[in-house]
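Full structure from sequences and hints, please.
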Amino acid sequence: DAGITQSPRYKITETGRQVTLMCHQTWSHSYMFWYRQDLGHGLRLIYYSAAADITDKGEVPDGYVVSRSKTENFPLTLESATRSQTSVYFCASSAEGYEQYFGPGTRLTVT
Amino acid sequence: AQTVTQSQPEMSVQEAETVTLSCTYDTSESNYYLFWYKQPPSRQMILVIRQEAYKQQNATENRFSVNFQKAAKSFSLKISDSQLGDTAMYFCASPIGSQGNLIFGKGTKLSVKP
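Protein chains in written order, with the working numbering: chain A, 1 to 111; chain B, 1 to 114.
Keep in mind that the hints are not guaranteed to be accurate.
List time: in silico DSSO-like cross-link candidates among lysine-lysine, alpha-carbon distance up to 27 angstroms [to be verified]:
hint, chain 1, residue 1, chain 2, residue 2
1, B, K106, A, K11
2, A, K11, A, K57
3, B, K55, B, K73
4, B, K78, B, K106
5, B, K113, B, K70
6, A, K57, B, K55
Calculated directly from the structure, the hints in this document are not laboratory data.
This is the structure:
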C-alpha cells in the first residue's frame with residue numbers, strides 16, 4: 001500500500017529489553033523523522049534523516065538509535081528500554097522540507 | 001530557543017458555528033511554511049492546511065482558513081460551520097533549522113458540541 005506505515009502498532013516490553021520500531025514509506029521522500037508524543041509535551045523530535053545514510057539528533061535522542069540504509073526505511077531502536085520511554089511514537093516523512101506526512105503511530109509500553 | 005505557542009489548551013464550539021484557534025511562533029528562517037495538523041481520537045496526524053510565508057494571501061481549504069500575520073508571527077486557524085468530526089487535537093507547527101524539521105505547539109483540544 002502507498003503511504004507511510006509503522007509496525008508494530010502496539011508493543012509491551014520489559015525494562016532493559018531492546019525494542020525496534022519500524023517505519024516504511026513508499027513516496028521516496030528524502031526526509032524522515034521520529035517523534036514521541038507524551039501528555040503535556042506535544043510532539044518531540046527524537047531523530048531525523050535527510051537521506052539514506054544521513055541521520056541526526058533531534059530534541060530527545062538519548063536512549064535511541066536509528067539507521068537508514070534504504071531511503072524507504074527508518075527503524076528506531078531502544079537499546080535498553082526504560083519506563084520513561086513509554087509513549088506513542090510517530091514516524092513521518094517529507095519531500096525536501098515541505099509538509100510532513102505521519103504514520104499511524106506505535107503505542108509502546110515499558111513495564 | 002525557537003518556540004510555538006498555542007495559548008488555548010481546550011476550546012469548545014457548537015455545531016455549525018465558527019471557532020478560531022490561536023498560534024504564535026518564533027522562527028529565524030526567512031522563507032518558510034507553517035502548518036496546522038489535526039489529531040482525532042484515532043491518533044492519526046492529519047495535515048489540515050499550510051501557509052507559505054512569502055504569500056500575503058491567507059490559505060484556505062474548504063471550511064478551514066488561516067489568518068497569517070507575518071510581522072506579529074501569528075498563525076491562527078479558523079474553522080467555519082464546525083462539524084462533529086472536527087473534534088480533535090489541533091497542532092500548529094513551524095520550521096526549525098534548514099533540514100525540514102518542524103517544531104510543534106502543545107496543541108488545542110477542540111470539542112464540537114451538537
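- Item | Hints that the structure is at odds with (numbers, increasing) | Hints 5 and 6 are the ones this structure does not satisfy, whereas the remaining hints hold.
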